[in-house]
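Q: Listed here are the chains, written in short residue letters.
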Amino acid sequence: MKTLIRLAWEALFLSEEPYAEMRDSPNAVPRGLGLVVLVALAVALVGLVGGTLEWATTPDMRDVQKVVLEGIKQMDWYKELQDNPEFREQFTQQFEMGWRIFPQLFGAPNLATAGLQIALLPLRLVLTWFLYGLVAHLFARLLGGQGGLGQTLGCTALAVAPQILNLATFFPYLVVGGVVGTWTILCRYVALKTCHRFRWGRALAATLLPYVALAVVVSLFACLGGVVGALIFGGGTTQ
Amino acid sequence: MKELFQLGRDTLLFKHEAYVQHVARADALKRGLALLVLVTLIAGIASLVVNFAGGLRPTNVQAELREVEEGLQAFFDDAGPFLNLPPDFKKGVYQGFRAARPGIEMGMRIADLPTPLPKPVGIALSSLGKFLSLPFNRLAGWIGYGVWVLLAAKLLGGRATIAQTLGATAIYAVPHVLDILGPVPCLGGLLGLVATVWGIAIYVKALAVANEFGVGRATAATVLPALLFTALALLGMLVLFILSLALG
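If you read the sequences in order, they're chains Z and S.
Numbering-wise, this note's numbering puts 223 at position 223 of the first sequence, and it's gapless, one number per residue.
Position in the second sequence (from 1) plus 1000 gives the number in this note's numbering.
Any given hint could be a false lead.
The following residues of chain S were derived to be distant from chain Z, with all beta-carbon distances above 12 Å [unchecked claim]:
| # | residue |
| --- | --- |
| 1 | P1081 |
| 2 | L1083 |
| 3 | D1088 |
| 4 | P1135 |
| 5 | T1161 |
| 6 | L1181 |
| 7 | A1226 |
| 8 | I1242 |
List time: in silico DSBU-like cross-link candidates among lysine-lysine, alpha-carbon distance up to 30 Å [claimed, not checked]:
| # | chain 1 | residue 1 | chain 2 | residue 2 |
| --- | --- | --- | --- | --- |
| 9 | Z | K73 | S | K1030 |
| 10 | S | K1002 | S | K1130 |
| 11 | Z | K73 | S | K1119 |
| 12 | S | K1030 | Z | K2 |
| 13 | S | K1015 | S | K1030 |
| 14 | Z | K66 | S | K1119 |
| 15 | S | K1091 | Z | K79 |
What the hints contain is simulated information worked out from the structure, not anything from laboratory work.
Where is the CB? At the ideal position from N, CA and C, for every residue including glycine.
Let the hints inform the model, and build the full structure from the sequences given.
A: Structure, rendered in structure tokens:
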């Protein structure tokens, strides 16, 4: 455990030593898996503390809903339309529906969601690590890389290190922002460069190609979904 | 800590040896980041105090709105004759304000709703959270732009590793300690501009030292991503303009 924490801390600062240590480790995959789960659990638990403090310093959402509804009813456009019973009925329905979605979207503190992260975050990070590791390994080998699959997975597991920054969410209202994503890409670059002993150009290609592949797959599925949708709805109108 | 302060001071004075020694260290990125975080937190202390004190002040919705309206009136009285505003502009601003008024009132009423923990605790935690977010905002901007600079530097023949380049360029934040005077009217803005220009100069110098190339190539590597983004944005706008013309 202590060694894993040390490795993650050093990996965060993009030095090649921790990645080389992981590459040369005989049990790189179990260590990598352990590290990803450990970091994810720590981040989720700390996030729960921060989320609880935020919840405890935020008004009850039902009270907020009441104030918003009263506020809307004071607006000129509402006053103009309120005599129309159809409008009133539709407005109430849409307001109730919107209230179930928007507070979550705008980050209203939710203890259930924060608690659920204890199970979901490790799962998400493990899946992401494993899928990225597999695809990156494939591209790395195509680019002439020398590392084995276990070594690639071990090294790319260290790229979970920037998630350590999310431990700062212990403090409520703190926003870590996009820094974790960019930092993760840099860690993955160092991981693949060290694991496969690449020069910078190939390491960059091996790092970015999985993202390109993902974008292509998502676009294909979106197009396919569009075609299927058009066929279903198009077929429906012609019958 | 003393060592960090010395690095900060020497960086500000563009002492070449300080840059060389910093980049050569194995922990250059750690030191650079420590300096960046420290400077950002020092610079944010004033806004932390202002936010906390402002949060504790009891709010009077009507008084606040009156204050905004008076501010608008004062602006039009003082600056209006010099700005040569169209006749309907003032009317439009007041109409916009009146339309936004229920929304502002709503926001203020929500802020006054009771919470499980006492209000001052919430205000303190919220101010602290915003204050501690400042280094993350700066980090996001620095690293987000830095990856493109890294690529440009590599393409221009740079020799530094990622850790060296990032460690070196992180010290660009040092002049931003002047941002502590940000809330001071006029002076704050001026000092902010000085800090930005000074910071860019440090960035270029640090990039040149880390990559062992001249200031010309370091400037090119620093500026190229910005030029590229601007060109892409202009191209995007041009495409949109052509499309809008084509579609009538």
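Q: Work down the list of hints and note, for each, if the structure agrees.
A: Hint check:
no.	hint	in the structure
1	P1081	holds, 32 Å
2	L1083	holds, 29 Å
3	D1088	holds, 20 Å
4	P1135	violated, 9 Å
5	T1161	violated, 8 Å
6	L1181	holds, 24 Å
7	A1226	holds, 17 Å
8	I1242	holds, 24 Å
9	K73(Z) x K1030(S)	violated, 55 Å
10	K1002(S) x K1130(S)	holds, 27 Å
11	K73(Z) x K1119(S)	holds, 28 Å
12	K1030(S) x K2(Z)	holds, 20 Å
13	K1015(S) x K1030(S)	holds, 20 Å
14	K66(Z) x K1119(S)	holds, 20 Å
15	K1091(S) x K79(Z)	holds, 23 Å
The structure shown violates the earlier hints numbered 4, 5, 9.
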